[in-house]
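For this one, chain A is given, so just place chain P on it according to the hints.
Chains A and P supply the protein sequences, listed in that same order.
Under this note's numbering, the first sequence has 58 at position 19, and the numbering climbs by one with no breaks.
Under this note's numbering, the second sequence has 150 at position 73, and the numbering climbs by one with no breaks.
Rather than coming from a laboratory, the hints here were simulated on the basis of the structure.
Backbone N, C-alpha and C define an ideal beta-carbon position, used for all residues, glycine too.
All the given hints hold, so there is nothing to weed out.
Which residues of chain P face chain A? A few of them, derived with a C-beta cut under 7 Å, are:
1. PHE167
2. ASP179
3. PRO185
The calculated lysine-lysine pairs, modelled on DSS-like cross-linking and capped at a C-alpha distance of 30 Å, are:
4. LYS134(P) x LYS40(A)
5. LYS134(P) x LYS88(P)
6. LYS107(A) x LYS134(P)
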Amino acid sequence: KQEVTQIPAALSVPEGENLVLNCSFTDSAIYNLQWFRQDPGKGLTSLLLIQSSQREQTSGRLNASLDKSSGRSTLYIAASQPGDSATYLCAVRPFSNAGNNRKLIWGLGTSLAVNP
Amino acid sequence: DAGITQSPRHKVTETGTPVTLRCHQTENHRYMYWYRQDPGHGLRLIHYSYGVKDTDKGEVSDGYSVSRSKTEDFLLTLESATSSQTSVYFCAISEAGLGTTDTQYFGPGTRLTVL
Numbered sequence: 040k041q042e043v044t045q046i047p048a049a050l051s052v053p054e055g056e057n058l059v060l061n062c063s064f065t066d067s068a069i070y071n072l073q074w075f076r077q078d079p080g081k082g083l084t085s086l087l088l089i090q091s092s093q094r095e096q097t098s099g100r101l102n103a104s105l106d107k108s109s110g111r112s113t114l115y116i117a118a119s120q121p122g123d124s125a126t127y128l129c130a131v132r133p134f135s136n137a138g139n140n141r142k143l144i145w146g147l148g149t150s151l152a153v154n155p
Numbered sequence: 078d079a080g081i082t083q084s085p086r087h088k089v090t091e092t093g094t095p096v097t098l099r100c101h102q103t104e105n106h107r108y109m110y111w112y113r114q115d116p117g118h119g120l121r122l123i124h125y126s127y128g129v130k131d132t133d134k135g136e137v138s139d140g141y142s143v144s145r146s147k148t149e150d151f152l153l154t155l156e157s158a159t160s161s162q163t164s165v166y167f168c169a170i171s172e173a174g175l176g177t178t179d180t181q182y183f184g185p186g187t188r189l190t191v192l
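Chain P on its own, in the form it takes in the complex:
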């Protein structure tokens, strides 16, 4: 299994509070992604990173920000959590360069509940 960890694995928070989720990889892969997964909507990309300090928006980026100051860490911040952000959040990574593929490797997920 690819070395991807997410923390925390479970979190309950209140509406209006900021929340930061962490994704840590030991694979030295260039690309990192944050997804949310909800029943009926499947997987939706929030933000992704193509290098240190290089990030771009996905399809559901409103209310979320990201940072990547080191290759191994990709942080997702909910600036002011809302109940609509209750979801399961997955981090994924993929390689870049000759001889690599676009295969994405996923972390175990973080279950976030916003009350």
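Chain A with its partners taken away, still in its complex shape:
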């Protein structure tokens, strides 16, 4: 059974620091992996989606990598800002969820605080 883990559960860093958030999954048979951001009291916003055939995706100061063989993904945030403070979640779509079954397996998220 696919499981997704995000460690640490919470992280506090000073502004300007480059940081890495981790996501691990137990089964490498996945279609893709997604990273989301959630601000307090808000819905989730998709940040990056990496297909299983890809190694990384970039958007602005964000870079997400995928290593299926080790069951890991990292979200790299460059030059962090207080506005990056949020909870970051990752989710995978396993091969077992094929066809019309688009269900995702979710991690519990990492709560990030960037201090001015």
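Frame of chain A, contents of chain P only:
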């Protein structure tokens, strides 16, 4: 932002009453999802739809039913609300077909309190 609205945004109800939450999209996406989010449990899928009148259960479907009579609307009904269904409910949508991805786009959420 994807055009997804949820109504109501907040609701307080009493145990034993039926409750219906509505998700409306303007993106014409095929897939729609209902999640609940609770501290310590993260996001859990309740039901999802892969087309008009086509729905399937998620991991926490007991006590919930759904209907999708139009592409744009996905309704979640709590048949007889219980305190354990106090939660924040999110609707999400995603596309289907060649050239699309599995990216899910989320609505703003509905905070439901069952007294």
